[in-house]
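Place chains B and C on chain A using the hints.
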Amino acid sequence: MTGAVPTVTTADAVIENAPTTVADAAPAGRGRLVLGRLLAARGAVAGTVIVLLLFLLAFVGPYLTHWHYTDIDYAAMRQPPSATHWFGTGGLGQDVYAQTLRGLQKSLIIGLLVALLSTVVAGLVGACAGYFGGWTDRLLIFFVDLMLVFPSFLVITIISPRLKNTGWIAFVVLLAAFNWMITARVVRSMTISLKEREFVRAAQFMGVRPLRIILRHILPNAASYLIVDATIAVGSAVMSETALSYFGFGVKAPDVSLGTLIADGTDAAPTYPWMFYFAAGLLVLFVLAVNLIGDGLRDALDPTAEAGRAPSRRAARLSRSTRTPKGSR
Amino acid sequence: MLRYLAKRLAYYLLLLVVSVFLAYALSSASLNPRAYFEAKQPRPSAAAVDRQLTALGINDHTPIVERFGHWSSDLVLHGDLGRSINDTSVNAEFGRRIWVSLRLMLIGSLLGMLLGVAGGAWSAVRQYRISDRALTIFSFVVLSTPVFLMALFLKNGAIALNQASGHQLINFTGYETPGLTGGFGAHLSDWAVHLLLPTLSLALGGLATYSRYQRGTMLDVLGSDYLRTAEAKGLTRRRALVKHGLRTAVIPMSTLFAYSFLGILTGATFTETIFGWHGMGEWFINAINENDTNAVVAVNLFAAVVVLASGFVADALHAALDPRVRH
Amino acid sequence: MTSPAELLTVRDLRVEFAGARGRAATPAVRGVDLTVRRGETLGIVGESGSGKSVTALAVLGLLPGTAGITGSVELDGRELVGLPGRELARIRGSRIAMVFQDPLSAFTPVYRIGDQIAEAVLVHQKVDKAAARRRAAELLDLVGIPDPVRALDSFPHEFSGGMRQRAMIAMAVANEPDILLADEPTTALDVTIQAQVLDVLRTAQRETGAALVLVSHDLGVIAQMADRVAVMYAGRVVETAGVDELFAAPRHPYTLGLIGAVPRLDTRGGPLVPIPGTPPAPSQLTGGCPFAPRCPLAEDRCLTGEPQLTGPESHLAACVRADELAERRPAPAEVYPVPDVPPSALAPLRADREPVLRVSGLTKTFPILKGAVFKRRVGEVYAVDGVELDIRRGETLGLVGESGSGKSTTLFEVLGLARPEAGRIELLGQDTAGLDRAAVHRLRAQLQIVFQDPMASLDPRMPIGDVIAEPLRAQRTPKPEIDRRIPDLLRLVGLEPAHASRYPHEFSGGQRQRISIARALAVEPQLLVLDEPVSALDVSIQAGVLNLLQRLKAELGLAYLFVSHDLSVIRHLADRVSVMYLGRTVEQGSVEAVFNTPRHPYTRALLSAVPLPDPVAERARERVLLAGDPPSPTERRAGCRFRGRCAVYTALAPELRTRCEQESPVLLDAAPDADHAAACHYPTEGQA
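Chains A, B and C are the protein sequences, given in the same order.
Quick note: the first sequence uses our numbering, first residue 1, plus one each step.
Quick note: the second sequence uses our numbering, first residue 1, plus one each step.
Quick note: the third sequence uses our numbering, first residue 1, plus one each step.
Since the hints were derived computationally from the structure, they do not count as laboratory data.
A portion of the hints provided could be inaccurate.
Stated by the list, open to error - List of simulated lysine to aspartate or glutamate pairs, DMTMM-like, C-alpha gap at most 20 Å:
(1) A:252 x B:290
(2) B:243 x B:176
(3) A:164 x B:290
(4) C:479 x C:466
(5) A:195 x C:453
(6) A:164 x B:38
(7) B:7 x A:137
(8) B:7 x A:196
(9) B:243 x C:128
(10) B:243 x C:153
(11) C:129 x C:176
(12) B:243 x C:115
(13) C:129 x C:141
So that you can see chain A by itself, here it is in the shape it has in the complex (with noise of 0.2 Å):
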């Protein structure tokens, strides 16, 4: 027995070091667990696929044939899809797939720059408020609240008759500005929540500056819902940008939208559905392969996701479930 006692070590602390499961994981584990879950969800995949080709589709798809979305086929009007028009022609004889793509175009850029602006705002006024406090916070909270007392839709619509002559940014601009109050509501209560957290108090008890901590602790924390949000936020604008632009109040002529294709597209649609149904279809394709996305980045980025959920995330489905209806619905 008195041989089988090991020699003392004074090293108390090394002996902690025995293997463990994740001591051994490379430093890049999280990445790679994160890549590794979302190619695990089908939908993701499948969604990011779609969302590629249809980029591919709106900016390479119009070098494919010699019409222009403005070009007129004097030859041919309302005709079905034919191999000198791929997707048919309007009333005018437009070729419908040079302006569906054109409009795609255009919604996509809308859709990306909406929501891109949007989270970036409800990002910094989240956590300012969540962080700071007091009346910063009060104040700012009840400027949300008094934002979300109009469905977006009406105060946009109430302004675009002064932006007529503005063109489309302007519109991106106002679809942003209706677009970031319930995020940033979220992002208030995380910052919240996230500054009681004791990695925050500790930067607090070192003296690192609350700016600094804004940005190195508490936006990363919270980038996971962003990224998630950001991605949803780009099929709600999308959303938003085609009901506005379908009633005329958003993008208009010269411009064209997948909005404004349905609303030409519409009376014609029982007759001739191939004016209506390629925009439409390609509309809902679109936010519905960004909503897969956004459902599987969020799964793979919760490692709770499978089991019991973070509370976080909830507030992050409830950002999600209410703001895709509340863009456009």
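Frame of chain A, contents of chains B and C only:
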């Protein structure tokens, strides 16, 4: 609990006043009723236009605060919403249209909520089975279709159906057949047929949203300690799920109720326009195009009241469902 | 077959959790054998992940659908595994009832306590609602809830933690079950409340004659309550015996190590015995003895086959060398490597060492706000109301108090380095009231903190090299200097410099706490504030961290402000101790003086409530049970704040009580020159 609700009510009234003022200011600054009169043939004199604008209380040469003062004191003292641009009473129009819209919104949202909550809870309990996946896919497709497009799809589907059958099976224009004769029963079924598509356009979105969300909260609850306690007491799984699980999982739905009304309001605007209902939404879009400031403000007032009322109902629901809020 | 005395027999119970999306299943319980006899108390002890809670839940069939259960669970000869849900439901709550760990989440938040207890009655008994409600009130009375009829209408969130756990026990005994399964029933509770709840469990057991299966990680609780004990490790029972024999002569090296790793209230000094390594993840089991990689007695044969439970029926152990241990009865330190802790090289006389932190009369109130938009002040919470602290160079002050005593608020006030609401804070001779921003920033480097939860205190998005560099960057240390320091710091706390690029989640709990300590030491502070630094760790890991802290203190001459609810840890590590109650310091002094001759009745109750990991000593103790919960700190009553729960006050003659009611006691030294003071008008003299 009453104190809590009274506090919320006070907060909503404050929001209402501020937001209505902002809506008034925005509408007055953005719309241009002067252009409406100047475009008349023969073109009236500048003084005549000014007179008419002043009579309607929408002269852009008067400061906005002063205009709002007149408008709001008329509203508060006489319940008068002013006159619309063609000199008819806004109140009369408001009264005609409000029930058309409310009927659509209430039926659509309640239907969507009930079906969604039931579907979501059911889906969560059957997680990863075929029925859960089917509902999930359906919800995703619906959530990816803007309401106006959903309405158009339904309308086109109805046209195709009517053409195929050779009868007017589904009547989708307006909210009743004009000049219909017959008894109460005939009117009721006529209403129901007209309601079908517009209500469906709204309810499907609600169903998809509520079911996704209810599924999530229900899944959270499925792993909760108190559900385990209920089972440890000797309740069967099914009873524990309904009595302890579902009862707790519906609490967050009240928050969703408030937000979803924003969507319902926008959605109703679209469906009304597409199905030819003469409701508030259609009025709003016409009023914008005619630069009819007072009508636009009236619709905004309606929207604000509806949204804040739904927020208040959500708070009351939340307090009724969750004892932790009451204290 | 089951013998009549054996109520519940578990044979070769195995539980596996299905892996997500086709990944391999994870075994959680790997062949557990247990018997429970009528009326006895069986303690199941083990660290996190040992499978003890899963075993308890598996008995009742309460595991989620992803769990696969095999083996046999027989209740009075009736097989429970594989029983249809409806029949199992009839047994649950009536013959076997369960008390869960976290009583807040274990009650449905939307129903009243009374309705939830009555429901348990109605499920199994044919009585009407009114009778069930009467029964619920009786049960609440049994578990000692004051005014039980009124308590019936309370919601779970209106109860304190201790009250909820009492109500939970009431619900469990509603149908007079044969077996009461209690899964960590006191883990979330303060030590005086724990003592109350354990007492209620004993009462409930006495009233119903039920057998009690008590699952716990706390060897003290087990020693106090159990008749027999089963020790679990990596999903199996590794040793089972009567409680006295298990503690006196353990036959499994793991049990021996656990006993050596626990700091004890009744002994002091010397390093603890840490068990090297961490418990294996289920995926790492190789087929040998799961404890072999951590076992100092491991031999080649331990790596090839997993030993079965063997030995006499009364004392089974799953170790090939159990007989050797039974014969030799070594002390833990004779088997496990014990680190040296160098003696501290400071001036031994307290008066000769310069003060590091001095706090006197510290007060902090929080406003109670009302109003939805415009908040107005309607009252105040006296979170801290008269705290005294005194720490000199190289010493450790233990700050003790239960939840709500104001410990954390005190810490944050000190760490805030601002002018306090009232009183005075002096750090290294500088009064914080007179500091400008630059001075505060400089002083921050002298004062660092280590938090309780090692996961929460490290930003999960930062590699640990950046985590440790953060305080250096905040102090504007040049980059080359930072790069040079990080490997040194990692080595200092026993980690490898190569780990700097890894993220916090890649480390075990004990390693993360070491990272926190390295971060705190980066700027070479003089005072380290340790806020419950080991309470989130398992005992075998905790011992290693405590030893590290002792070594660092001796090597670097650090002073510690060590906050803990665990008096055993304080006793082990601290030189001086300060006891707080409701925001006030009620007793302070050298550890020996306060622990051996406590003068304040609260300190006495606190010490008495701590269970000893020694069944013989436990039985010999006299217990002082503290009544009720601490009162709300919103009212600042005249006189002594403890008198509502004070045994001394209750025993006083009415004319002597007046003093306690009117005069707030101040800290008074026990004797001139003695390092021991208590704030009590009628302090206890003599031994505890």
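Hints, verified against the model:
no. : hint          : result
1   : A:252 x B:290 : holds, 18 Å
2   : B:243 x B:176 : violated, 43 Å
3   : A:164 x B:290 : holds, 15 Å
4   : C:479 x C:466 : holds, 12 Å
5   : A:195 x C:453 : holds, 15 Å
6   : A:164 x B:38  : holds, 19 Å
7   : B:7 x A:137   : holds, 19 Å
8   : B:7 x A:196   : violated, 28 Å
9   : B:243 x C:128 : holds, 19 Å
10  : B:243 x C:153 : holds, 18 Å
11  : C:129 x C:176 : holds, 18 Å
12  : B:243 x C:115 : holds, 12 Å
13  : C:129 x C:141 : holds, 18 Å
Hints 2, 8, counting from the list given before, are not met by this structure.
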